[in-house]
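Protein sequences appear in the order of chains A and B.
Mind the numbering: the first sequence is residues 46 to 407 in this note's numbering, read in order.
Mind the numbering: the second sequence is residues 17 to 411 in this note's numbering, read in order.
Please note: incorrect hints may appear among the correct ones.
Covered stretches of chain A, going by a simulated chain B footprint (3 or more residues, C-beta under 8 Å) [what the hints assert, rightly or not]: (1) 48-58; (2) 212-222; (3) 309-317; (4) 343-350.
Partner residues aside, some chain B positions facing chain A, computed with beta carbon under 8 Å [as the list claims (entries may be wrong)]: (5) ILE33; (6) ILE36; (7) ALA307; (8) ASN311; (9) LEU316; (10) LEU335.
Don't read these hints as lab results, they were simulated from the structure.
Even glycine gets a Cβ: it sits at the ideal position worked out from N, Cα and C.
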Amino acid sequence: MYFGLSEEQKSLEENISKFLSDNAPLDAIKAVADGEEAKAEEIHKGIIELGLSGLMVPESYGGLELNMLFATVVSSALGAGTAPVPYAGAYVMAPIAITLAGDEDQKNEWLPKIAGGEKVIGVGLSEFVGAREDAGIEFENGKVSGRSLFLIDGKNADAYLLANKSGELFLIDSSSKGITVTELVTVDKTRTSIELTLDKVDATLLPGSSDLSVIEKVLDAGRLMLSADTVGASQVMLDKAVAYSLERKQFGRLIGSFQAVKHMCAEMAAELEPCHSMIWHAAHSQDSSSEDARLMACQTKSHVSEVGKQISKTSTEVHGGMGFTDELGLHYWFKRIGLNRQLLGSPELIREEAGKLQGFDQ
Amino acid sequence: MDLEYGPEYDDFRSEVINFIKENEDVKLTGPMRDESRVNWQQKLIDNGYFARSVPKEYGGYGGDMDIIKLRIIAEEFAKSPIPKAMGGQGIQMLVPTLLSLGTEEQKQQYIRPTLRGEMIWCQGYSEPNSGSDLASLQTKGELDGNEWVINGQKIWTSTAQLAQMCFILVRTEPDAPKHQGISYLLMPMDSEGIDRRPIKQMTGDSDFNELFLTDVRIPAENIVGNRGEGWQVANATLGHERGSLADPNVTQNRLNSLIDLMKTETIDGQRVIDKPIFRDRLLSIQGRLMAQQSNALRILSSQINEGQDATLAKFIVKLQGTELRHELEGLAIDAMGELGTLYEDSPHLRDHGAWQQTYMYYLGLIIGGGTNQIQKNIISERALGMPKEPKVQGA
Chain A
46 MYFGLSEEQK
56 SLEENISKFL
66 SDNAPLDAIK
76 AVADGEEAKA
86 EEIHKGIIEL
96 GLSGLMVPES
106 YGGLELNMLF
116 ATVVSSALGA
126 GTAPVPYAGA
136 YVMAPIAITL
146 AGDEDQKNEW
156 LPKIAGGEKV
166 IGVGLSEFVG
176 AREDAGIEFE
186 NGKVSGRSLF
196 LIDGKNADAY
206 LLANKSGELF
216 LIDSSSKGIT
226 VTELVTVDKT
236 RTSIELTLDK
246 VDATLLPGSS
256 DLSVIEKVLD
266 AGRLMLSADT
276 VGASQVMLDK
286 AVAYSLERKQ
296 FGRLIGSFQA
306 VKHMCAEMAA
316 ELEPCHSMIW
326 HAAHSQDSSS
336 EDARLMACQT
346 KSHVSEVGKQ
356 ISKTSTEVHG
366 GMGFTDELGL
376 HYWFKRIGLN
386 RQLLGSPELI
396 REEAGKLQGF
406 DQ
Chain B
17 MDLEYGPEYD
27 DFRSEVINFI
37 KENEDVKLTG
47 PMRDESRVNW
57 QQKLIDNGYF
67 ARSVPKEYGG
77 YGGDMDIIKL
87 RIIAEEFAKS
97 PIPKAMGGQG
107 IQMLVPTLLS
117 LGTEEQKQQY
127 IRPTLRGEMI
137 WCQGYSEPNS
147 GSDLASLQTK
157 GELDGNEWVI
167 NGQKIWTSTA
177 QLAQMCFILV
187 RTEPDAPKHQ
197 GISYLLMPMD
207 SEGIDRRPIK
217 QMTGDSDFNE
227 LFLTDVRIPA
237 ENIVGNRGEG
247 WQVANATLGH
257 ERGSLADPNV
267 TQNRLNSLID
277 LMKTETIDGQ
287 RVIDKPIFRD
297 RLLSIQGRLM
307 AQQSNALRIL
317 SSQINEGQDA
327 TLAKFIVKLQ
337 GTELRHELEG
347 LAIDAMGELG
357 TLYEDSPHLR
367 DHGAWQQTYM
377 YYLGLIIGGG
387 TNQIQKNIIS
397 ERALGMPKEP
407 KVQGA
């Protein structure tokens, strides 16, 4: 019995952290937030060189065929670095969907290119989870029409993976006719978000996706990635709060020697520490197809989102007025955690799902 | 990541399951130290389901310190209503202390009857003016010939009314700094000069007592460790106490009962679990519990696998576990509404009043065993490296 990360997983995490601290320091994040797309693209290239795009692609299609636990390690490191790169949608959800439900042509066309970092697929499942603005897509005679909001990794994507209300998944090429892309500006400038308006756009169904378990697995994976991203970002916010409290003096003392401040930090640590174990556990449950894998994915997303919310607030408070400034840049983590919380279902929405999963309705 | 215990443990688990099946009708109704309880305790020891790693010569099973086997025993016993092994401060705190720091005579004399449940212990630590700041305790111990003479007052002494023995902290070196002036003594409770007064708690029970000690004389050899080393001896056992509070696997059983309760209780004919806000609160608690269970797996793993660090994971268990349990019990009361306030032997009482009783009891545990505010000090100082409060002069 061993519960935790392997040496290989730990060194992967270290490599990503090292790459990000060398190549995506706060100044770079600020540049991306100010609209410098070339900087984001450069960092994106770097993570492809680290092999992150091929992590979830089967070996027979040129990938590394690693598992969800590896993917959470990556996502947590990217969250810690507020990395302005595609990941959860393009390199986890999309390859899982195509591997599980694509036909041979679709696999051959997309998987090797995902692994090689040549193609990015944006993923739009928001309407399956809970449609806002009456959005949604319909599929008829090989064409998709409708709207989808808040695609993950959708900006500048080569293709889109979309779901209709019954959970079937479709691939459309982003150069097809009939697509209007509208950029959505969220508080989190480290990631992009788009809305698609589709008028009879050519689409191919992932044939296996008529089985609902496919979209469920893709959703579980996406939710775990967002959870891991939040845990990584929250750990940085806690570490920064503690470090700041050991530098800043008031009333002739380090503020970290006041119990009010110590207790804020202890509460953050007490909430966050189990979340590391929880994402590993939930990822392992996916990897081992455990009976409660879905329930764990739901509860992990909702619980970690709650903890992330608390930490992003408390850490900002420990920093006092500085926490509120752009100069310190703490808000990039705050906002990253804020977006993660809403994507693929807010805590209340997912808990409702978790209740149904356990048969509470019966 | 590997959550399998391995095939070599499957046989062991089957053995435990068989034992539980064979004994599923056992019910213990007699008081503490009743013969039936002692016999059951001995049977658990003989089968290696209790005191497993305590050497045979001191009354234990004499088995290996196999954490996974202990875990399997705990898991299987938790699933069944059969009586669990007795706990209490003698077993959880004194026995481990004597095993590591006691003299050979002390081990021979005290461990066996304590494990068998024949000898009940109470803990004489807190004093009216020494709670969170335990090391400031003032109860005096003076050596007079070959006897310690003890004078002072202790409080929050649980099971003192039943106990035959008390492990007690007394100040024996009044001139030494406060942490170096304390000794750890073993005091028979039938000694002259001990006055016990029960403290009635908010639950209505009296689990605790005040002890008034006037010229209590005990043999000089009743000391564990050296004079002035009592603080270190006591700290070795406080670790055992904190680890045993608020086990998430026990909370899981309570959560299952809460789910059943919310499916049964109705408001205007609608099940409480079908009311969205109640259901959401239930699911929030479940999410927090799942996080704590994952945390417990990490701690377990660190005990088996050398080099795996789980320091912070361990520090937070008492704080997180007691708060969650208190909230869980509180949700059950809210789910019952006015019915949730019923107590003692009222009509319409649910589950013998256990939800209210436990709700209040866990508020006691939030305070006891090192208050949760002290836990936060420990987490921030020892795990996060934050500074201690500046000392107030003269304290």
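Right, here's what the structure says about each hint:
With 4 residues carrying a beta carbon less than 8 Å from a beta carbon of chain B, the segment 48-58 of chain A meets the three-residue requirement, and the given coverage holds. Look at the segment 212-222 of chain A against chain B: 0 of its residues bring a Cβ nearer than 8 Å to a Cβ of that chain, fewer than three, so the hint is violated. With a threshold of 8 Å between beta carbons, the proposed coverage of the segment 309-317 of chain A by chain B holds, since 6 of its residues qualify and at least three are required. Judged by the Cβ-Cβ criterion of 8 Å, the segment 343-350 of chain A is covered by chain B as claimed, because 4 of its residues qualify and three suffice.
A hinted interface residue such as ILE33(B) counts as satisfied when its beta carbon comes closer than 8 Å to some beta carbon of chain A; here the least separation is about 19 Å, so the hint is violated. With 8 Å as the threshold, the beta carbon of ILE36(B) stays out of range of chain A, its nearest partner Cβ sitting at about 22 Å, so the hint is violated. Here the hint on ALA307(B) is kept, as its CB sits about 4 Å from the closest CB of chain A, short of 8 Å. Hint on ASN311(B) holds. Least Cβ distance to chain A is approximately 4 Å, under the 8 Å limit.
Proximity of LEU316(B) to chain A holds as hinted, the smallest CB-CB distance being about 7 Å (cut-off 8 Å). About 5 Å separates the beta-carbon of LEU335(B) from the nearest beta-carbon of chain A, less than 8 Å, and the hint is met.
Of the numbered hints given earlier, the model fails hints 2, 5 and 6; all others are met.
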